[in-house]
Each structure stands twice: as structure tokens, then as C-alpha cells.
Amino acid sequence: LSLSGLLEKKRSAGISLEFKFCGFFVCESEGLTVKMKKRMKMLLLLGFCCGMVFGDQNRSDPHDQRVFPVLSINYDYVQMPFEVSLWILLASLMKLGFHLLPVLSGVVPESCLLIVVGLLVGGLIRVMGKNPPVLDSQLFFLCLLPPIILDAGYFLPIRPFTENAGTILTFAVLGTLWNVFFMGAVLYGACRLEAGRLASVDLLSCLLFGSIVSAVDPVAVLAVFEEIHINELLHILVFGESLLNDAVTVVLYHLFEEFAHAGEVTVGDVFLGVVCFFVVALGGVLVGGVYGVLAAFTSRFTSHTRVIEPLFVFLYSYMAYLSAEVFHLSGIMALIACGVVMRPYVEANISHKSYTTIKYFLKMWSSVSETLIFIFLGVSTVAGPHAWNWTFVSITIVLCLLSRVLGVVGLTYIINKYRMVKLSGKDQFIVAYGGLRGAIAFSLAFLLSSDDFPMKDMFLTAIITVIFFTVFVQGMTIRPLVDLLAVKKRKQSKCSINEEIHTQFLEHLLAGIEGVCGHYGHHHWRHKLNRFNKRYIKRCLIGGERSQEPQLISFYNKMELKQALMLLESNSSANLSAGVTAAIPRQRSRKTLNISKEREEEIRKILRGNLQKTRQRVRHTHTHTHTDTHRHTHTHTVTHTLSHTHTHTLSHRHTHTHTHTLTY
Amino acid sequence: MGSRASSLLREEDIEEIKKETGFSHSQITRLYSRFHSLDKGENGALSREDFQRIPELAINPLGDRIINAFFPEGEDQANFRGFMRTLAHFRPVEDNEKNKDLTSGEPLNSRTNKLLFAFRLYDLDRDDKISRDELLQVLRMMVGVNISDEQLGSIADRTIQEADTNGDMCISFSEFIKVLEKVDVEQKMSIRFLH
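Sequences listed follow chains A and B, in order. Per UniProt numbering: the first sequence ends with 664, consecutive numbering throughout. Per UniProt numbering: the second sequence ends with 195, consecutive numbering throughout.
Think of the hints as simulated: they come from the structure by calculation, not from any bench. Ideal Cβ positions, reconstructed from N, Cα and C, are used throughout, including at glycine. No false leads were slipped in.
Derived lysine-lysine pairs resembling DSS-like cross-links, with alpha carbons at most 30 Å apart: (1) Lys528(A) <-> Lys182(B); (2) Lys18(B) <-> Lys422(A); (3) Lys19(B) <-> Lys40(B); (4) Lys178(B) <-> Lys129(B); (5) Lys188(B) <-> Lys426(A); (6) Lys182(B) <-> Lys489(A); (7) Lys422(A) <-> Lys188(B); (8) Lys182(B) <-> Lys558(A); (9) Lys491(A) <-> Lys558(A); (10) Lys491(A) <-> Lys95(A); (11) Lys488(A) <-> Lys422(A); (12) Lys178(B) <-> Lys491(A); (13) Lys19(B) <-> Lys417(A); (14) Lys188(B) <-> Lys562(A); (15) Lys534(A) <-> Lys558(A); (16) Lys562(A) <-> Lys182(B); (17) Lys18(B) <-> Lys188(B); (18) Lys182(B) <-> Lys534(A); (19) Lys19(B) <-> Lys422(A); (20) Lys188(B) <-> Lys417(A).
One-sided excerpt, in silico: chain B residues whose CB lies under 10 Å from chain A: (21) Leu62; (22) Ile67; (23) Pro92; (24) Leu121; (25) Val138; (26) Met141; (27) Arg158; (28) Thr159; (29) Glu181; (30) Val183.
Let's have the full structure, built from the sequences with the hints guiding it.
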């Protein structure tokens, strides 16, 4: 009696819990293979049975005999982390799935596929009867966006960025301003003409909408441009623009929002707006710079606590972002400034392992963030609410394209007068076509309050349509267009000591020539900055002997280390001799000897023996890199002769090995 | 100062320099006033001391070599023509120049000529090869005094090993060009002379 009674009471409680379980299991199984789906189904049945037999702790009848629960379910305790982990797991499994299907990933960019998955998941949740979660703006701006921006800022290629800084700033500031006002004005005109439902849209709302939708989005640009490998110049132009236009977007967004609130716009307000722009941009950079210096200074003292070095990098950067957001300054610019400022000093101070950790953590987080953002975009589309208006949406899309093209062409005409390497028509086309919109626009629109902006839903729908258009249509077609127009692709550059030496040589040469001409140009200021850096800043921020090390030497060290590691990795494969020949840097084909079989075996044995010693040596290289210069020199002779060991003949090798054991 | 400077420079000279180097009229007059301001002895030519007085060259690691580049073989005075000829290497490459007929020879600011100028700065003995010693000298100038000879030696060896394709343990001009093919020399070796 008691058992059946228990079963009856528990059944209702158990099923509601099981429902939650089911929902997520079904969602997750969407992307898995058939085998895994079967397993999921079996687990589901098992779960059902358990639920029916044992039931919910909280609903237990106090009058019943308390049977000690061997197995019980308490889902509420872990609900929040469980759901978050499940989403991230889903996103990662999706990513895994795409790369297992090379056909698809070759044609469609990843971002499109992720949005489609998001749509499917959202649709599934809707079918289950629950409301799909919308991309929460706070979650987006505080958790999902910073890793991507930090990854971009920390690994920003400084030389091309500074060389094209003028062009990038022009596109970012003037280009965005042009887009905003052109779109706002024309949209307002169109709304006036259309009348009807659009009559309530006033000029300020149009301008606000323009400011939200005009900004080129760094996440979308990264996602698409990563796969097409265009040349460095175009990449840095579009990407740099997407990063720097954040300041403009932030200012205009807050400006128009305030004005819409206040109702009245005076000339004084406009002037304050301009001042606000400078404050936001420069303030953001300043905040980032301060935190960057702090991080560099902290890393000077971490030689005894190597394990937490990466943590400092991440925490200081995140604090820079949050501090900038507190004052409504540009968080993105703060993050980038922090990464750029701290990188050279931090890298000189931290260990090689910490450097690798930072690099891979940043890549991992930014990858996960990007995936989640696109999936959530898809889910939010299903969530709605939507207010579709054919005129508004179509005009928006046409205007986006038109204003972008006009802006780029017009600005390039002015910019080319000041550039040494002019931007050709092809370059202009790619820059214009690469102006993708993304999740930032969506989140900004989502933050609007419905009271001030009754047409918020219409805006959201229009923005989502624009995002879909740019990501799908432009994202998918940019790769064949790049091939069609024969745009220069990125050259796969192996790091070459020659290039480094000669580039530095040329920089010194140009600085000298500029001195002769009395012309204070680019090279002159860079030279001055370098000297200032070397004399004062490096001494403060880099600990120990490394502060005196010239850039060339650290570059050479890194290169040798990389090569030694490569040698190790390639030799851990089964066929030892093949690995050895693959690791030889130069094809010394003219030095191949005709040797007999026994000699070959002998050579192979010696090589294997040497490589064992090499492993120990290279490990020593790791630990010795940070001691005084005396030992440093020794490490160099070791790795240097290592590369020679493989190119000289047998007799040489013997002598070299012996000298090495002696120095140890 | 300006009017006095331009009166010493005749129109025919300006035309000849324009044809030889490709600078515009205003650029030539501006550079002439700079030439004149550097010429403290006022004898129409620059000596080595005049160059060494320029503060940027004094602190530049390659200062001496740059100064030497302005003086033709064996001479101690640099006149305005020579000055302009050297500076012409640093003019930005213009697209329309590529269409000019090649009978007049390659312009001074072509990519090859820019690289040849840089190569000659390495190659002091003018044997069309950068030997290990010449490379070591340049490295020592750029890197300073704190680095040991051994370390610099290994860097120099590595550099030659990377660039050398014909095995003569020196870097010839063609190898030099090949190594720098990925570097944007047109932009790196150009100065925007104001109009």
C-alpha cells in the first residue's frame, strides 16, 4: 500500500522535473550524431523511471514513513550554472560539428551556420512551449564582448596599425558620422513621406536608429575576415575602423537618448556633444593606458609566482573595461589601449609558459564568446517581439549599403591625397563591402526603453534584418568576390630574422634622412618614442636584465626557441629520420653524402642519442632564459649549434657534442 | 633667407634636377633652403662636419653611414645636385611613373634602386656582397655594446644562412632583394616631401 501510494503522489512531482530535464536534453541532441541521440534517449528513459520511483525531496509528505533517499533529485540548486554550462557546451559542440563537415565550412562562413543553429534552437524551445531566452544586454556587454575585444587588442599588429592610423581614424570617425546623419536624415524624410504608421517616428528617433545601425561591428568583421585571409592592409583598415568607431557610437547613442528624453536640442548641447566625444575617446584610452602600465609594473615582480601571471593580464584588462564603462567612456578603446600598452613589457617579464597560457586562454574565450553571440542572435530572433514594416526595413537595408559606399568613396578621395600608398578601387570596394553589422547594434537597440521609444520593436526587427543581410549575403559572397577581383591575399610569412634586421635598419635610415631634410615625419616621431621608451619606461616596467635587451635580441631568442620546439615536436613522430630531415631549416641538397647502410644506422643512432640530449638541453633553455646574461650566452651557443648539428658531417658533430658537454 | 637661397639656384639647374630626380619645383626650392641652412661655411657644398651637426644624425646608430652615402666616391664635399640625387631615392613611388617610357632608365625612386641604396649602406667595400663582417658591423651599431660578440656572431650566421642561396656565405644583391620581397619597401623607404 505504502509503495503504490508513494508512487501515485510522487508521479506528478517527478514529471514536472523530468520535463525540464527533457527540454534541455532534446535541445542538446539537435546537433549530435545519431549514435549519441540513441544514448540520450536511453538516458532519458532511465531518468524517467528514477523520477517516478523516487521523486522530489521537497514535496515529501511529512506523515509518511521517511524512507532514506538513496537517490534524489534537486535541480534548483544547480539550475543557473547548469544551464550556462549547457549552453556553452552546445555552442562548442556546434563548432566541432561544422569543422567535421568540410563541404559546408568551405562555402558558408561559420557565423551564418551558428545563427541558423540559433534559429533552430530558438524554434525548438518555442515549440516546447517555453519562451526562448533573449540576448540580455548586460550579459552581452559585460561577459561576451570583453574577451573578443581583449583578444583583438592584445594581438593587434602594431606596425600596420600605426602606419595607417590616420586612414583608420578618418574612416572610424568621419565615416561613422556621415553614415549616422545621412541615414537619419533620409529615414526621417522617408517616414514623413510614408505617413501612416511611420508618422510617429521623429527626427531624433531616426538619428538614434542611424547611430545604432551605422557602426561596423568588430565581432562580425573578425568572424568573416578571419576566413578569407586578405592582405594585412585591408584587414587592419576594416578591423581598426570597427574597433575605433565604438567611441563615436557610444557618444552619439547617449547623446540622442538624452535629447529624446529632454525634448529640446540647443546649439550648446551640440557643442557639448562634440566635447563629450573627445572626452569619451581620450578618456577611454587614458583609463586603458593606466591599467596597462599597472599590469606591466605588476608583472615585473611575478618571477616567484609564475602560475598566476596570466591572471593579472586578464584581471587588469577587465578592470580597465569596467572602469571605463562606469564613467560612460568607451570600454572598447580602454581595453584595446590596455592590451597594446601592456603587451611589450608583460611579454618581456613573464615566462614562456605564461605567454602560451595567455595566448590560448584568450583565443579560447574569444572563440566561445563569438559562438555564443551568434547562437544567441539566432535565438533572440525567434523570441521577438517583432513589428515588421516593409518600407522601414527595406529602406534601412538600401541606405546602409548606399551610405557605406558613398562614405568610403568620398573619404578615400580625400585620404589618398595624404597617403603614400594609395588605396585602389578594389581596396575601396572591399572596405565598403566589409562593413558588417552585428550583435552590438542589436544589444544597443535592446537597451532602449520602450516608453521613450514606442517604435522599439520596429527598430529591433529592422536591425535584425540588417544584421542577417550583412552576415549572410555579404559574409557569404565576400569570399568569391575576393577571388574574383584577385585581391592580394595575406602572405604566409614565416618569421625571418632577415626581415627583422633589415626593417629595423630601414627605420634607422629613414629617421636619419628625415633629420637631414629637416622633415619631422612619421619615422622621426617613432624614433623619438623608441628612444624614450628604451631610456625611461623599459627600465621601470621590465624587471632584471631584460630591460636592457634590445628588441633584435629578444626577437632572435624567440625565433630560436620556436625552432627548437618545432624540432622537438617533429622528432616525436615515429619515423625519426624523416622527422630529422624535415626539421632542417635549409634544403642542403647539395650536401647529401652517399653513405653505406651501416654508416646510415650509425648516424641514426648518434642522431637519436643527440636528440635525447637535445631534449634536456632545450628544457634547460626554458629554465635558464631568465637568469643572468652570463648563462644566457651559454644557452645561445647551445641552441645555435643545435641547428648546425644536423647540417654538418659526422666528424663535426662529434666535436660539437663534446664542446657542449664541457660547457655544462 | 628664403629669397636669398632661391636666387643662388638658377632656373636651368632646377629644370635639370627636376628631370633627373622627379621632384617638383616647390620641393626643390624648399630642399635648397634646407641645404643652404645646413651649409654653415656658405661655400655651396656640404662637408661631413655640416652633416654631423644635425642632432638627429648624431643620435642615430647609422649616422656615419648615412652621411657617407651623400658623398660620392672619395670626395669630401657634397654639392646640391648630389644631395638631391641621394634624396631622390626616398621619393614615394607614384603609379603614373610606371607608365613612363623606360628609355630614360629606371627612375631613382624605383623599388630596385631603393633597395640598391640600402644594400650599398651595408656593403662598404662595394664588392656587391654583404660579408659576415660587414653584417656584424651593422648589427653592432644597431644593437649597442651590451651584447657579446658570440651572440651577435650567431645572429649574423643565422641571417646569412637564411638568405644565402648560392652557398658563398655572403648576401648578394639578388639574395637581398629576394629576402625583402614580402616587405613593403615602397612604403617603408619613402618620405612624404611636402609640396
